[in-house]
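Fit chain X to the known structure of chain Z by using the hints.
Number of protein chains: 2
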Amino acid sequence: MKQKLQIEVCLTPAVFEKYQNPDSNVVVIDILRATSAICTAFMNGVDTLIPVRTLDEAKAMKEQGYLVAAERDGLVKDFADFGNSPFNFSKERVQGNTIVYSTTNGTNAIQMADTCNAVLIGSFLNLSALEQYLVKNNRDVVLLCAAWKDKFNLEDTVFAGALAARLLSHANFSTICDSTHASVDLWNIAKKDLVGYMEKSAQRERLRKNNLDDVIPYCHTLDLTDTIPFLKDGKLILLT
Amino acid sequence: MKQKLQIEVCLTPAVFEKYQNPDSNVVVIDILRATSAICTAFMNGVDTLIPVRTLDEAKAMKEQGYLVAAERDGLVKDFADFGNSPFNFSKERVQGNTIVYSTTNGTNAIQMADTCNAVLIGSFLNLSALEQYLVKNNRDVVLLCAAWKDKFNLEDTVFAGALAARLLSHANFSTICDSTHASVDLWNIAKKDLVGYMEKSAQRERLRKNNLDDVIPYCHTLDLTDTIPFLKDGKLILLT
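As you go down the protein sequences, you meet chains Z and X in turn.
When the letters of the first sequence are read in order and numbered with the numbering used here, they come out as residues 3 to 242.
When the letters of the second sequence are read in order and numbered with the numbering used here, they come out as residues 3 to 242.
Don't take each hint at face value.
Note that the list lumps identical chains together, so a pair holds whenever it fits in one copy or between two copies.
Below, simulated DSSO-like cross-link-like pairs (lysine-lysine); rule was C-alpha separation at most 27 angstroms, straight line [stated by the list, open to error]: (1) 211 x 6; (2) 194 x 237; (3) 64 x 6; (4) 64 x 138; (5) 202 x 237; (6) 194 x 61; (7) 64 x 237; (8) 93 x 193; (9) 193 x 153; (10) 151 x 138; (11) 6 x 237; (12) 234 x 194; (13) 237 x 79; (14) 234 x 93; (15) 151 x 20.
Please keep in mind that the hints were generated in silico from the structure rather than gathered at the bench.
If we strip away everything but chain Z, and leave its shape as in the complex, we get (with noise of 0.2 angstroms):
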């Protein structure tokens, strides 16, 4: 028989070395906001984002002539043309252009993901769109929940649970992971009413302390878009 292919959670990227696999398809998630905010740039016609780990880094390129989008802890940065809210985003200021990008957690997550076979951006805006591209694609996948500052967040961890349950309904996917376990679990609760059930999380306080909550139903709405963005040599461009 056929082995099935395994579908594993990671909740914190301090973890990632146990998950990490050449061989496996890595969706990288970070729902408030980077990866929801990724996605709209890339529905919204953006070319190409390069995600850059520190600010120093964002700020040399800004010097450079390109735009910035730059933010740590919420808070645009600013030296920055963007901040992290995917309302920033829109057709009119993204349409062609490439963007340079550096968050808290999102970024980060990205870049170490690079060792596995492919890194995709995953959010609610594009679950439909990944489930599709991931069996037909037909290797192992892992889910890397950006988190926060590498402690567990509810909402990454609930995406990665509705991506996970999408896949365990195909035949060829299987899982003996506790953290896939656990995450398709607190899906199942929390499908019922998803921004209800974010009320909860600790960013969605942290976003509302700083008025920057009015993102959170936007970032909980299934398949607005079938784009899917992929790391190529550093750089994030749509897969197609």
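Just chain X now, with coordinates in the frame of chain Z:
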């Protein structure tokens, strides 16, 4: 208004430094099987358990004449007097004795937690005793899951959820920690059929493969003892 006491759940020792707090009480959790075994040993009258991280240390102390419990990946080491099954620690074998103890995940987590106010050993076997002590002792609480080689596991997390739910039922405790919310939600699913829920746990499967799964129902039994083992000067003794 007085600030409420905070509960946090640390899902893997790999990120414990993010939760470390010299003012907190820490409960170390390794349900299958180290902390269930330790609680059993104290229930049956062991005098002192000396946790050591490495097998070399355990072996050296065996040569000095100590009784030694030593296990890796579920299997008892050949130089040791005991493995890691709670059923090893019967009254006849442990009463009044000092035993050196080294396991795959549990002893590492115990020593790591020793920077906090108090290190307590938790399992389903002493759940209510822990609840009562932590409420009375009136400090912030960190629930440290020993996990499996730094990977999340279900049984430790579900127990953390059980204890967190108990504490949160007391007005002086609160949480803003996503992993605590997730653990409580998982406990609320699992508690309807705790042993049945654990069927999908990876550690349950590992134990089954080695014919060591006779302990599963026992390790998920609530309140067999009101003893609480705690760490003093690097040794586990009974909290009185």
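* residue 151 and residue 138: within-copy, between-copy, both or neither at 27 angstroms Cα -> neither (33 angstroms within a copy, 32 angstroms between copies)
* Asked: How would you classify residue 193 and residue 153 at a CA-CA limit of 27 angstroms: within, between, both, or neither?
  -> Intra 23 angstroms, inter 25 angstroms, cutoff 27 angstroms: intra and inter.
* To do: Up to 27 angstroms between alpha-carbons, please classify residue 64 paired with residue 6: within, between, both or neither.
  => Neither way: residue 64 and residue 6 sit 46 angstroms apart in one copy and 45 angstroms across, limit 27 angstroms.
* To do: Measure nothing new, just compare the shortest in-copy and cross-copy C-alpha distances for residue 234 and residue 93 to 27 angstroms and report within, between, both or neither.
  => within (23 angstroms within a copy, 62 angstroms between copies)
* Intra- versus inter-subunit Cα pairing at 27 angstroms for residue 64 with residue 138 -> Neither. Shortest intra-copy (39 angstroms) and inter-copy (56 angstroms) distances fail the 27 angstroms Cα cut-off.
* Asked: Using 27 angstroms as the alpha-carbon threshold, which applies to residue 202 and residue 237: within, between, both, or neither?
  -> neither (34 angstroms within a copy, 38 angstroms between copies)
* Intra/inter-copy verdict for residue 211 and residue 6 if alpha-carbon distance must be at most 27 angstroms -> between (45 angstroms within a copy, 20 angstroms between copies)
* Alpha-carbon proximity between residue 234 and residue 194, which holds within one copy, between copies, both or neither at 27 angstroms -> For residue 234 and residue 194, the Cα distance exceeds 27 angstroms both inside one copy (36 angstroms) and across copies (47 angstroms).
* Asked: Is it within a copy, between copies, both, or neither that the alpha carbon of residue 194 lies no farther than 27 angstroms from that of residue 61?
  -> neither (42 angstroms within a copy, 54 angstroms between copies)
* Asked: For the identical chains here, do residue 151 and residue 20 meet the 27 angstroms Cα criterion within one copy, between copies, both, or neither?
  -> Classified as both; 18 angstroms inside a copy, 9 angstroms across copies.
* **Within, between, both or neither: residue 93, residue 193 at alpha-carbon 27 angstroms** => neither (30 angstroms within a copy, 49 angstroms between copies)
* Asked: Which holds for residue 237 with residue 79 at a C-alpha limit of 27 angstroms: within a copy, between copies, both or neither?
  -> Answer is within: at 21 angstroms inside a copy they meet the 27 angstroms cutoff, but 49 angstroms across does not.
Hint check: violations occur at hints 2, 3, 4, 5, 6, 8, 10, 11, 12; the rest are consistent with the structure.
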